Amino acid sequence: MDSIREYLPTLFDGLQVTIMVTVLGICAGGIVATVLGTARTAHARVVRWTATAIVEFFRGTSVIVQLFWAYYVLPTLTGNQIAPLTAAIAVLGLNCGSYASEAVRGAIQGVPRGQSDAAIALHMSPWLRLRSVILPQALPEMMPPFGTAAIDLLKASAVVGFVNVHDTTFWATQIQALTGQTIGVYSVTLVMYFVVALVLAALFRAGERALPLRRVERRAQPHLRARPRLLTLAWGRRAGESR
Amino acid sequence: MSWDWSYTWEILPELLKGLLLTIEVTALAAAVAAILGLVWALLGRSRWAAVRLPTRAVLEFVRGTPLVVQIFFVFYVLPEYGIAISALLTGVLVLGIHYSMYAAEAYRAGIEAVPRGQWEAARALHLSPAWTWRSVILPQSVRRSIPPLGSYLIAMYKETALLFAIGLPVLLAEAKVVGTSSFRLLEPLTLAGFMYLLISYPSSLLLRRWEKTHGQ
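Quick mapping for you: the protein sequence lines, in order, are chains A and B. Going by my numbering, the residue at position 14 of the first sequence is 14; the numbering climbs one at a time, nothing skipped. Converting from the second sequence to my numbering requires adding 1000 to each position, the first position being numbered 1.
Calculated from the structure, these hints are not laboratory results. Here the structure is a predicted model, which means the values were calculated and not measured. One or more of the hints may lead you astray.
[To be verified] Covered stretches of chain A, going by a simulated chain B footprint (3 or more residues, C-beta under 8 Å):
#: 1; region: 61 to 71
#: 2; region: 153 to 167
#: 3; region: 175 to 189
#: 4; region: 193 to 205
A virtual CB, placed ideally from N, CA and C, is assigned to each residue, including glycine.
Using the sequences plus the hints, can you model the full thing?
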C-alpha cells in the first residue's frame, strides 16, 4: 500500500485528462444530440433519414471500434494524422450524442402540439419556434437521460488510453506494467471513476432543478420525479436505447 | 489508400473466426447476466436492509465504473490470490457480471410494474411466497423486462470488443492483429466495424418490432 501513495500523483494526472475528455465530450455530445435529435423530428424526409442513419451507425458499433477506425484508418484516407485527443473527444461526442439524440427527439415530441401551433399562429419562424418555444419546454425532460448519457460517456472514456491519450486507465496500466502493482492501482482507479460519476449525477440533477420551466407540471406528475433510491446513478435504462 | 479486395478476401476467414468467438462470448455472458441479474433484483428488494443496501451499493458501484477497468481488475488481481483464470473465462465473467447489474434494473422495473392486485390476489388464494413469485409475478414481469434486456444484449455484443485488451482474439482483436502485421488497417478495421453493425443493427430492428407487437 506504501508504493501506491508514490504513484497516486500520476493517477491524479490521469484523472485530470479523464475529466477534461469527459467534459469536452459532453459538450460535443450535447451539440450532436441536439442537432441529430432535432433533425430526426424534421419535416423533410432527407434530413430525418440522414440523421437517423448517422445515429444508427454510431449506435451499431462500440466506442473502441470507432476510435480505432478514426485513429488508424481515417488518416490513411485523408492523409493527415488526427491528434489522439481530438479523435477521442470527437468519437465520444458522436457516439454518446447519438444515444442521447433519442432523448432529445422524445422530449421534443412530448411537447404538446398546441405549443407549436400557437407559435405558428404568432408567426414565429421555425428557428425561433424551436429555440424559444419547443426546446425550453423539452429541456427538463431531457435532463435525466442526459445525466445517464454523461455517465456513460465518462465510462466509455476509459478506452481512450488505447489510442495514446494519457487518462486514468492508461496510467493505471502503465503503473501496473512497471511495478507489478495490481489491486491498489486498479482499486484507486475504480474509485476515482465512481466519484466522478457521482459528481456528474449530482451536477445533472442540480441542473435539472435549476431549469425554470415546467416545474409546476412536474410536481403535478409524480412519475416524472420518481427516482431510484440510493446514489441514483441509474435513471433507468441507457439513454436512447430502444424504447 | 484504396480498398484492396484480394487482401479483403485473404483476411476474411480470420475475421470470421473472431466474429464466432465474439458470438460465443456474448452468448455465455448473456446467460450469466440473465441469471445473476434476477438474483440481484430479488436481493435488492429484500425485506432486510442488511441484504438490500449492500446489494444496491454494489449495483451502483459496478454501474458507475468503466467495464474496461473492471476487466483489468479481474484479469490481473485474481491471479495474485492464486486464482488463475483464462482470458476467455475472465471475459465471460466480467461481461456477464457487469451486465447482470443492468439486467437487475430491468427485472426490477418489470417486477414493480406488476399491478398490486396481482399480489393481493395471490395472497387471497393463499399461495406461498415462492409460488407467488414463480407463477404469478415473474411470468408477468419478465415479459416487461424483455425489451431492456434485449438492448443490453446488443450492447454486450458490441462491448465484447474491449476484451482485446486482455488478449482474447475477439473480432476487433483479430482485425488489429491482422492489420498490424500487414501494415494495412483500412480493410480489417472497416470490415470488423461492418460485422459488428451487421449483427447489432438488424437485432435492434427486430427488438423494436417485437416491442411494437408485444408492447404495453
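Here is what the structure says about each hint:
Remark: the region 61 to 71 of chain A is confirmed as covered by chain B, as 7 of its residues place a Cβ nearer than 8 Å to a Cβ of that chain, reaching the required three. Here's how the region 153 to 167 of chain A fares: 7 of its residues keep a CB closer than 8 Å to some CB of chain B, so the rule of at least three is met and the hint holds. For the region 175 to 189 of chain A, the stated coverage by chain B is satisfied: 6 residues place a CB nearer than 8 Å to a CB of that chain, which reaches the threshold of 3. Given as covered by chain B, the region 193 to 205 of chain A passes the check, having 4 residues with a CB less than 8 Å from a CB of that chain where 3 are the minimum.
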